[in-house]
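Using the sequences and the accompanying hints, generate a full structural model.
From first to last, the protein sequence lines are chains A and H.
Each step along the first sequence adds one to the number in the working numbering, with nothing skipped, and position 84 is 84.
Each step along the second sequence adds one to the number in the working numbering, with nothing skipped, and position 711 is 825.
Incorrect hints may appear among the rest.
[Said to hold, decoys possible] Partner residues are not named here, just some residues of chain H that face chain A (Cβ under 8 Å, in silico): (1) M134; (2) D136; (3) E139; (4) G140; (5) D141; (6) M143; (7) V145; (8) D147; (9) D165; (10) L168; (11) G173.
By construction, these hints were calculated from the structure, which means they are not laboratory data.
These numbers were taken from a predicted model, which means no experiment stands behind them.
Glycine included, each C-beta is placed from N, C-alpha and C at the ideal position.
Below, each chain spelled out in residue letters.
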Amino acid sequence: MKDFQLGEFEEIVILTVGILNQSAYSVGIKDEIELRLSRTVSMGALHTALNRLEEKGYLKSHSGESTEERAGRPRRYFEITALGKKAMQHAKDTRDELWSAIPKTLWQANLAGI
Amino acid sequence: MPHPPKLPHRFFRWYCHPRMRDYIEGDLMEVYDRRVKESGKRKADWKFILDVLLLFRPGIIRPRKPYQNLNNYGMYKSYFKIGWRTLLRNKEYAGINIAGLALSITCCIVIFVLVKHHLSFDDFHQNKDRIYRVVTEQHRETVSFTNNVPSPLGAVLRDNHTYGEKVARMFHESNAVISFERNGEKQLIKEPDGFAFAEPAFFEIFNFPLSKGSIETSLTEPNTAILTERLAEKYFGDQNPIGQVITYDNFLPFRITGVLEDLPSNTDIKPEIFVSYVTMKDFNPWLASDEAWGGIMSGMSCYVLFRPDVSSAEVEEAMQPYVKQFRPTSKNVHHYKMQALSDIHFDGKYGGAMEKSDIGILIAIGIFLLLTACVNFVNLATAQALKRSKEVGVRKVLGSFRGQLFWQFIAETAIIATISILVAVLAGYALVPYINDFFSTQIPVNFLADSTLVLFILGLDILITLLAGCYPAFILTGFKPVAALKGKLSFQQLGGFNTRRSLIVTQFAISQVLVIGVIVIMNQMRFAKQADLGFDKSSIVMVKLGGDSLNTMNVLKNEFLRLPGIEKVSLCYQAPSSDDSWNNSIRFGTDPEEVNFLTNMKLADADYISTFDLELLAGRNLTPSDTVREVVVNEAMLQSLGITSYEEALGETVYANGGTMKGQVVGVVRNFHDRSLHEPISAALITTASGMYSNFAIKINGNSVKATMEEIQALWEEQYPDKMFEYSFLDEDIARFYEAEDTLLKGIQFFSFIAIFIGCLGLYGLISFMISQKTKEVGIRKVLGGGVPHIIWLFGQEFVRLILIAFLIAAPIGWWFMSGWLQDFEFKITLDAWTFVVAIGSSLVIAVLTVGYQVLRVAYVNPVRSLKTE
Numbered sequence: 001m002k003d004f005q006l007g008e009f010e011e012i013v014i015l016t017v018g019i020l021n022q023s024a025y026s027v028g029i030k031d032e033i034e035l036r037l038s039r040t041v042s043m044g045a046l047h048t049a050l051n052r053l054e055e056k057g058y059l060k061s062h063s064g065e066s067t068e069e070r071a072g073r074p075r076r077y078f079e080i081t082a083l084g085k086k087a088m089q090h091a092k093d094t095r096d097e098l099w100s101a102i103p104k105t106l107w108q109a110n111l112a113g114i
Numbered sequence: 115m116p117h118p119p120k121l122p123h124r125f126f127r128w129y130c131h132p133r134m135r136d137y138i139e140g141d142l143m144e145v146y147d148r149r150v151k152e153s154g155k156r157k158a159d160w161k162f163i164l165d166v167l168l169l170f171r172p173g174i175i176r177p178r179k180p181y182q183n184l185n186n187y188g189m190y191k192s193y194f195k196i197g198w199r200t201l202l203r204n205k206e207y208a209g210i211n212i213a214g215l216a217l218s219i220t221c222c223i224v225i226f227v228l229v230k231h232h233l234s235f236d237d238f239h240q241n242k243d244r245i246y247r248v249v250t251e252q253h254r255e256t257v258s259f260t261n262n263v264p265s266p267l268g269a270v271l272r273d274n275h276t277y278g279e280k281v282a283r284m285f286h287e288s289n290a291v292i293s294f295e296r297n298g299e300k301q302l303i304k305e306p307d308g309f310a311f312a313e314p315a316f317f318e319i320f321n322f323p324l325s326k327g328s329i330e331t332s333l334t335e336p337n338t339a340i341l342t343e344r345l346a347e348k349y350f351g352d353q354n355p356i357g358q359v360i361t362y363d364n365f366l367p368f369r370i371t372g373v374l375e376d377l378p379s380n381t382d383i384k385p386e387i388f389v390s391y392v393t394m395k396d397f398n399p400w401l402a403s404d405e406a407w408g409g410i411m412s413g414m415s416c417y418v419l420f421r422p423d424v425s426s427a428e429v430e431e432a433m434q435p436y437v438k439q440f441r442p443t444s445k446n447v448h449h450y451k452m453q454a455l456s457d458i459h460f461d462g463k464y465g466g467a468m469e470k471s472d473i474g475i476l477i478a479i480g481i482f483l484l485l486t487a488c489v490n491f492v493n494l495a496t497a498q499a500l501k502r503s504k505e506v507g508v509r510k511v512l513g514s515f516r517g518q519l520f521w522q523f524i525a526e527t528a529i530i531a532t533i534s535i536l537v538a539v540l541a542g543y544a545l546v547p548y549i550n551d552f553f554s555t556q557i558p559v560n561f562l563a564d565s566t567l568v569l570f571i572l573g574l575d576i577l578i579t580l581l582a583g584c585y586p587a588f589i590l591t592g593f594k595p596v597a598a599l600k601g602k603l604s605f606q607q608l609g610g611f612n613t614r615r616s617l618i619v620t621q622f623a624i625s626q627v628l629v630i631g632v633i634v635i636m637n638q639m640r641f642a643k644q645a646d647l648g649f650d651k652s653s654i655v656m657v658k659l660g661g662d663s664l665n666t667m668n669v670l671k672n673e674f675l676r677l678p679g680i681e682k683v684s685l686c687y688q689a690p691s692s693d694d695s696w697n698n699s700i701r702f703g704t705d706p707e708e709v710n711f712l713t714n715m716k717l718a719d720a721d722y723i724s725t726f727d728l729e730l731l732a733g734r735n736l737t738p739s740d741t742v743r744e745v746v747v748n749e750a751m752l753q754s755l756g757i758t759s760y761e762e763a764l765g766e767t768v769y770a771n772g773g774t775m776k777g778q779v780v781g782v783v784r785n786f787h788d789r790s791l792h793e794p795i796s797a798a799l800i801t802t803a804s805g806m807y808s809n810f811a812i813k814i815n816g817n818s819v820k821a822t823m824e825e826i827q828a829l830w831e832e833q834y835p836d837k838m839f840e841y842s843f844l845d846e847d848i849a850r851f852y853e854a855e856d857t858l859l860k861g862i863q864f865f866s867f868i869a870i871f872i873g874c875l876g877l878y879g880l881i882s883f884m885i886s887q888k889t890k891e892v893g894i895r896k897v898l899g900g901g902v903p904h905i906i907w908l909f910g911q912e913f914v915r916l917i918l919i920a921f922l923i924a925a926p927i928g929w930w931f932m933s934g935w936l937q938d939f940e941f942k943i944t945l946d947a948w949t950f951v952v953a954i955g956s957s958l959v960i961a962v963l964t965v966g967y968q969v970l971r972v973a974y975v976n977p978v979r980s981l982k983t984e
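The following block contains the structure:
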C-alpha cells in the first residue's frame, strides 16, 4: 500500500480543515487550532504546512472573496481531496491499530500505581 | 484604518513567493486589524513584525530570480533523456557498442579477480614478511630446483643457529587413503590432498587457527592429528571429532586432538589433516632420523620465521657448510636457498602455481582488450556523428556552450558504459564457476562483496567513459552551427582512414594467429587421441591391486576371468603407455658393460601381450612364471643395440636391476608408445616379476561395462576387505597425458572468439564509416551506370585488401609459434597449407557476414535517395 506521509502538525491542520468544512482559510484555521488545542500557531508554520499538504495532493485551494479588513486581498479557501481523506483515514487506522495492541494491563497497572 | 509598520511590510513583499503573496498579505492584514481592535496598535505592530520574521522560511521565500530553479538538474535530466532516446533509436548501433564494451569489460573484471586472487596468496599470516621456505638447488651437470629439503635440515637450523624465531618441518603425503569408523561401520576415503606431518611450530608460523583444542598440546604426542572443520564434518557428521581415530592406509592410527578452521582458498598449503611430526618414525624411519641427508624426499619441506633483523643471504651462507659435512662425497651438490613466502606462489621452478610474468601478461591482455573496445567505440561513434550534426547545430544556435555539449556527449557515453558494465558484472558472475574450474582456483562467487573490486568497476566506468567518449564528443561539439544546419559538413572533420585501417589489420592479424593456433592444436590433439599407439587401449580398465600376496592375485584373476563381461586379464606393473614407469640400465648378451640407454621395464604376466594386443614380430610369448625367466623386447631396443635382424636377438640374455633380474630373449614385439606422443618410443622389455605387479589390466567386452565393473568391485572387495577399490580406464588415462594441451586449446579458443568478435566490431565500425562517407559516390556511380556487383566490389576490395594484409602478417607469426609448439611432440602432424587456407577463409567469411548486409543495403538503395542526403 502506498505510504501516506502525514506529520503531526500537518495532521492537526488537515483535521481542522475538515472541521471548518467549506469555510477553511488560513486565519480561520489558525483561530480554530488555537481555540481547540490552546496552543499558538505562527503564520509561517501554518502556511508552510498548508503548502506542503497541497503539494502532496491532500488539499486543494481556491481563491475566495476579499474583505475590507484584508485590505482587499483575497482569501484562499482549502478543501480536503479524496487522497487527503485516505491519508487521514490511514493515519487514524494506524493509530487505532497501535492503541488496540497495547495490553489492557498497562492501564490497570497505572491505576494500581496511583 | 491603521496601517502595519511599513518596513517589515515591504520586507515581506520583497521576499515572499509571488504565488502566495496576496493570500498571506491578506492574512497578515486581517490578523493585524483584529489585534489593533483587541489590544492596540503598538502590540499589534510588534506581533506583525514577529509574524513577518516567522514567515521568512524556505517554503515561502521566493527563488533568487523569478521562475528560475536554483540548480540545473533539469539540464542533466535532459542530457540523459536525449541520450536514452538516441540509444533506443539506434538500437543496432547501441547493441553493438554495448556488446563490444561488455565483452572486454567482462574480461577485465575476470582478469582483475584472477590477478587479485593470485596476489592474495598466503597474505593473511601475521609475520608474512619474515616467513621463508627453505628450498634446494641441486647442482649436477645441470642445475635442478626443488622446494623440498633433506629432513634433518630443519632440526639443524633450529638447534645450531639462532636465525629462526620458529622453525617447522612438514612432510606432505598426498593421495592418502584414510579409514575411520562412523556409526560402528568402517569407512574408507581417498584424500587427494592427503595429510601432513607437522611440527607444532608450523602453526605458530602460519595463521591457521584451531576452533577446537589448543595447538600447544594438540600435536605434541605421537599418533595425534588435527583436521579441518570440513573434513571433521565429512568424516563424523555431527559427532564430536575430538577423540575419534582415523587411520592412514590401515596401519598408522591417529587420535584427533583438535579441529582447524577451514583453510582459506588463497593458500598454497593444501593438506587438511595435520599429524604430529613425532609419528614420522612409524611412517618412514629413515626420513624421521637425523641421518637422512642422502636424498631429498618429495614432500619434505621446512619453513622458518626469521628474527626481525635476519637477512636470507646470511642464513644461506650459514647453511652451506652442512653440505660438505653431511654429503661429502655426493656429486649432487646442494645449495639451500631461502624463499620468501610471497614468492612461493610465483616461482614456477619451485612448483609455484604461476609466474609473476603471467600476471603481467594477463594485465596486458586486459588493457589491450579495453583499448581496442574503446577505439572501436570511437570508430562507431564518429561514423554516427553526422546524424547528430543537426542536433548540435540547433543546440548551439539556442545558446549551448561547447563545454555543455561536450558533457552531454560524455553523459551519453556514460550511459552506454554503465549498461555495458552491468552486463559485464552479470556475465562475470555467471563465468566465475567456469574460471575456477579452468584455472583450478577457488575464487568465491559473491565477489561483489569485495570493496576493491567495486572500486575497480567504478573506476573502469569513469575511465571507459573518458577514453571512449572524449574524441567523439570533441568532434561533435566542434561542428560549426551554420555548416551543421545546412548539412554541409564534410568527413574530413571526422578523422582519417589510415588509423582505422591499421587498427583493423592488427585486430584481424591477432585473430588469424589465434585461429591458426586453434586449428593446429585441434589437429594435433585429434592425431594424438586417434593415433595407433601400437597397442589396444579401448575397453581396458586398470584396477589397482590391494595387496602383494601372489596367491590372492591369482585367485582374483581367475575369478575375474569367469565373469561373462571380461575377455582377458593380465597382472602387470603398468599399462604399456603410462606416466609411471621404471627405467633401468641393462646389460645385454655377453657385453660386461651396461648399455648407455634406459630401458622401460614392463613387468607383467604372460597374458600381457594378448590383453593389450601387442604384435609379436618374432619369437614367441613369455611362458607363465612368477620370477624373471624370459623377456620380450621391443624393436626400439634392438635398434638402440644396433641389432637389425630380430632372430639374432632371440636367445640372448638380458641382465637388469644390477644383475638381479636375468632372462632370455624369447620374442620381439612391434614398437608401442610407452609414454605420451611428446616423447620418443624408448627401449622396452616385458618380463614376468610378480613382486612388482600393481595392477590388473582387464579387457572388458564393450556391452555392459557398468554391470561388469560392479561385479569386479564385489569380487575385489571380497579379497581385500580393508582396501579401497581404485580403477581407471586406460583411454582416459592416456587422454590425461594431454590435459595441459586441452587447457591451452580451450584458452585459445576462448581468446580467438573474443579477438574475432572485437575484430568484427572494428570492421562494422569501418564499414559504417565508409558507407556514411561514400553514400553520394555510390549514388553518382549508379546514375552513371554502375551495377550492384560494381558497388559491392567498391567496398569489398577494401576489406579483402585489409584481410590479406592481416594474413600476410599473421601467417608467419602463426607458423613460427605453432611449429615451436609442435616441437614439444616427438610424433606430430605437419603444418600444411590447409591450415592457413582455413584461417584466411574463415576470416573472409566472417568479414562478409559482418559487412555484407550493410554493403548490400547501400548497393541496392535508389540513387535518388542517396543523392538527396546532403
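Structure-based check of all given hints:
1. M134: holds, 7 Å
2. D136: Because about 5 Å separates D136 (chain H) from the closest Cβ in chain A, which is inside the 8 Å limit, the hint holds.
3. E139: Check passed: Cβ of E139 (chain H) comes within 5 Å of chain A, closer than 8 Å.
4. G140: OK, holds: G140 (chain H) within 8 Å of chain A, min 3 Å.
5. D141: holds, 5 Å
6. M143: holds, 4 Å
7. V145: This hint holds: V145 (chain H) lies near chain A, its Cβ roughly 6 Å from the closest one there, short of 8 Å.
8. D147: Where the cut-off is 8 Å and the nearest Cβ of chain A is about 4 Å from D147 (chain H), the hint holds.
9. D165: Holds, about 5 Å.
10. L168: Status holds, d = 4 Å.
11. G173: holds, 4 Å
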